[in-house]
Amino acid sequence: MPVVRLQNISKSFNNQQVIDDLSLDVHKGEFLTLLGPSGCGKTTVLRLIAGLETCDSGSVFIDGRDQTRLPACDRDVNTVFQSYALFPHMTVFDNIAFGLKLKKIPLRQIRERVKESLALVKLEGLETRSIHRLSGGQQQRVAIARAIVNQPLILLLDEPLSALDYRLRKQMRLDLRQLHRQLGITFVFVTHDQEEALTLSDRVVVMNHGTIQQTGTPKDIYETPVNLFVADFVGESNLFDATVIRTLGTDMEIRIQGISKTVQNRRGFHVGQAVKVLLRPEDMTVARIQGKCPEGSLPGRVKEMIYKGTTVDLIIRLENGQEVFVTEFFNEDEQEIFYDMDEPVCVSWIKGWEVTLANE
Amino acid sequence: MNERQGFKFIAVFLNMGWFALFVLIPGLMVAGISFMTRDTGRFFSLPFTLAHYRELLDPVYARVLGQSLIYSLNTTIVCLMISYPFAWILSRGPKHRRALLLMMVIIPFWTSSLIRTYALVILMKANGIINTLLIGTGIISDPLTLLYTDFAVYVGLVYTLLPFMILPLYAVMEKMDPRLMEAARDLGANGFAVFFRVVLPLSLPGVMAGCIMVFLPAMGLFYVPDLLGGAKTMLMGNFIKNQFLTAMNWPFGSAASVFLLLLMGAMILIYFIVSRHFNRDEIL
Numbered sequence: 001m002p003v004v005r006l007q008n009i010s011k012s013f014n015n016q017q018v019i020d021d022l023s024l025d026v027h028k029g030e031f032l033t034l035l036g037p038s039g040c041g042k043t044t045v046l047r048l049i050a051g052l053e054t055c056d057s058g059s060v061f062i063d064g065r066d067q068t069r070l071p072a073c074d075r076d077v078n079t080v081f082q083s084y085a086l087f088p089h090m091t092v093f094d095n096i097a098f099g100l101k102l103k104k105i106p107l108r109q110i111r112e113r114v115k116e117s118l119a120l121v122k123l124e125g126l127e128t129r130s131i132h133r134l135s136g137g138q139q140q141r142v143a144i145a146r147a148i149v150n151q152p153l154i155l156l157l158d159e160p161l162s163a164l165d166y167r168l169r170k171q172m173r174l175d176l177r178q179l180h181r182q183l184g185i186t187f188v189f190v191t192h193d194q195e196e197a198l199t200l201s202d203r204v205v206v207m208n209h210g211t212i213q214q215t216g217t218p219k220d221i222y223e224t225p226v227n228l229f230v231a232d233f234v235g236e237s238n239l240f241d242a243t244v245i246r247t248l249g250t251d252m253e254i255r256i257q258g259i260s261k262t263v264q265n266r267r268g269f270h271v272g273q274a275v276k277v278l279l280r281p282e283d284m285t286v287a288r289i290q291g292k293c294p295e296g297s298l299p300g301r302v303k304e305m306i307y308k309g310t311t312v313d314l315i316i317r318l319e320n321g322q323e324v325f326v327t328e329f330f331n332e333d334e335q336e337i338f339y340d341m342d343e344p345v346c347v348s349w350i351k352g353w354e355v356t357l358a359n360e
Numbered sequence: 001m002n003e004r005q006g007f008k009f010i011a012v013f014l015n016m017g018w019f020a021l022f023v024l025i026p027g028l029m030v031a032g033i034s035f036m037t038r039d040t041g042r043f044f045s046l047p048f049t050l051a052h053y054r055e056l057l058d059p060v061y062a063r064v065l066g067q068s069l070i071y072s073l074n075t076t077i078v079c080l081m082i083s084y085p086f087a088w089i090l091s092r093g094p095k096h097r098r099a100l101l102l103m104m105v106i107i108p109f110w111t112s113s114l115i116r117t118y119a120l121v122i123l124m125k126a127n128g129i130i131n132t133l134l135i136g137t138g139i140i141s142d143p144l145t146l147l148y149t150d151f152a153v154y155v156g157l158v159y160t161l162l163p164f165m166i167l168p169l170y171a172v173m174e175k176m177d178p179r180l181m182e183a184a185r186d187l188g189a190n191g192f193a194v195f196f197r198v199v200l201p202l203s204l205p206g207v208m209a210g211c212i213m214v215f216l217p218a219m220g221l222f223y224v225p226d227l228l229g230g231a232k233t234m235l236m237g238n239f240i241k242n243q244f245l246t247a248m249n250w251p252f253g254s255a256a257s258v259f260l261l262l263l264m265g266a267m268i269l270i271y272f273i274v275s276r277h278f279n280r281d282e283i284l
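Going down the list, the sequences are from chains A and B. For what it's worth, my numbering labels the leading residue of the first sequence as 1, then goes sequentially. For what it's worth, my numbering labels the leading residue of the second sequence as 1, then goes sequentially.
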């Protein structure tokens, strides 16, 4: 039984549809991320689970019970807000103890639990500190402690890392994963940062315009996006227009950039159909030209080379002017991945590493 | 550069000069006179004496002070009870409604409050607008006694001082982050708990400021009880006015003024101490 089930949810604000007939199951104990551009409705989904918004139609089941109309204060769900929303008139202790005090838990037990949750977020001994004397990162941790101290069924996190600087964000990512393992509770995380989504989650839900585009593991989402939006939003990608020339069982021959190439046909495309071929930068290979490019590879010239330590990024201009982004990894055997500007090269990829999508 | 400094000097001088001429010097004169002896011919004369301050401790005058404090306190409570929900609705409403309501609060300031008090008299007279309307529509047959009652005095005080409560409350409520209330709800607080644990504590500086801005002037608004209460009610303001204009006892009136000034000063001091405590938590 899923811990949260959203069933045919719709929601609009001022006649603008924000969530459009959305259904989603969240499994017990998983780290689920809602990923999408701003305005895609991901935060609204989170607020619907929290009970801070009510949906126009559809149902919200939490722990198997219909809680569509249950107010936020009665739900076994806690939120870490984007702006932290810490109470400015209270100390760290009073902020964290807020939920426990409302539940009339004995003070001794409250002290114990506040201490525990402060330890979990690595802020031991800051109980008496005023909120204003905390750094951004510390405030973030207090916000997390304030939520987890209530031992909710589900912890909701609304872009909790977006206000932190890069280094702190990376650290918090690791800490969040560790926290998820330690607590064993369900995390629902909202972000517009695809790297965050991929590194943190068990499952990613990609959203756009109030609907779910794709749900899957980070690997699924990255390697086999189901449509152009997901392909484009998650990670870097090179997109080529192509036409199916012939189908050959599970393979097909396509015309791409003026050459013909055999690729896999996973989606039953038919002859004559216009398709998009998606290739991740690291899935493409570049070779120095020896006379003419071998069959099935695209000729081009090196336009830009960016050294990044562990990789070299190349921008290659193909003969028809389209630019391709390729990432080459350093290889013990082959030291020769440095290219000259404007050097003629051949770009190719191994059959099956491409993703072919219907032209939308 | 020199010209600018010259301008600065004039600006500061004008301000300070105004303050000295109309606040400091009259204040010092009042303070000085309060220590002098009553003189029916020349209003006051030497020698210096503390007799008037001793006289203030007389139970008769202490009663006037006590009564005045009760009027002020009640006025403050009524103002607070009306203003709090009003300021809340004002601060949470959509922008255009906010501007409209705020305008309605401020517009009465454009007319002298003495004239507005006369307007209340016209409304509440035995044959005034309210009674005429009520009798005309057949709701009552005999006119209600509105004017020259305690009720009328309170209506006058509350009406005059209401904006001084609404504006500071609005100022703090408008700054209040609605996400804090959401966070409280999320953590299990029902409407009641959200109000008492988050909204009220965060609006307390505004409550304090509003209470002082109502309580202190309420003691001095002598024309309100004079016009609406039929001069039966005595506020500190009435008492002081009477000492100067009727009893011709300037030193005693001055002593009462100084006493009122000290009382107000003490309250403002308490407010500053308390609000500094709050402000320390409000930086950010």
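Derived by calculation from the structure, the hints in this document are not laboratory data. Ideal Cβ placement from N, Cα and C applies to all residues, glycine included. Where hints are given, some of them may not hold.
Unchecked claim - Now the in silico label distances, taken between C-beta atoms and shown as ranges:
1. B:274 to A:108: 27 to 35 angstroms
2. B:264 to A:116: 30 to 38 angstroms
3. A:38 to B:7: 47 to 55 angstroms
4. A:54 to B:7: 28 to 36 angstroms
5. B:273 to A:125: 28 to 36 angstroms
6. B:195 to A:76: 39 to 47 angstroms
7. B:130 to A:76: 51 to 59 angstroms
8. B:266 to A:65: 52 to 60 angstroms
9. A:227 to B:195: 44 to 52 angstroms
10. A:128 to B:115: 36 to 44 angstroms
To be verified - One-sided excerpt, in silico: chain B residues whose CB lies under 10 angstroms from chain A:
11. 3
12. 183
13. 185
14. 187
15. 202
Going through the hints against the structure:
1. B:274 to A:108: 27 to 35 angstroms: Hint holds: Cβ distance 31 angstroms, inside 27 to 35 angstroms.
2. B:264 to A:116: 30 to 38 angstroms: With Cβ atoms ~51 angstroms apart, the hint is violated.
3. A:38 to B:7: 47 to 55 angstroms: 49 angstroms Cβ-Cβ, so the 47 to 55 angstroms window holds.
4. A:54 to B:7: 28 to 36 angstroms: Violated - the Cβ-Cβ distance for residue 54 of chain A and residue 7 of chain B, about 60 angstroms, lies outside 28 to 36 angstroms.
5. B:273 to A:125: 28 to 36 angstroms: Once the Cβ atoms are compared, 30 angstroms apart, the range 28 to 36 angstroms for residue 125 of chain A and residue 273 of chain B holds.
6. B:195 to A:76: 39 to 47 angstroms: violated (23 angstroms)
7. B:130 to A:76: 51 to 59 angstroms: The hinted range 51 to 59 angstroms holds for residue 130 of chain B and residue 76 of chain A, with Cβ atoms some 56 angstroms apart.
8. B:266 to A:65: 52 to 60 angstroms: 58 angstroms Cβ-Cβ, so the 52 to 60 angstroms window holds.
9. A:227 to B:195: 44 to 52 angstroms: The hinted range 44 to 52 angstroms holds for residue 227 of chain A and residue 195 of chain B, with Cβ atoms some 47 angstroms apart.
10. A:128 to B:115: 36 to 44 angstroms: violated (55 angstroms)
11. 3: Violated. Min distance 43 angstroms.
12. 183: With a closest approach of 4 angstroms, the residue 183 of chain B hint holds.
13. 185: This hint holds: residue 185 of chain B lies near chain A, its Cβ roughly 4 angstroms from the closest one there, short of 10 angstroms.
14. 187: This interface hint holds because 4 angstroms falls under the 10 angstroms limit.
15. 202: holds (6 angstroms)
Checked against the numbered hints above, the structure breaks hints 2, 4, 6, 10, 11 and satisfies the rest.
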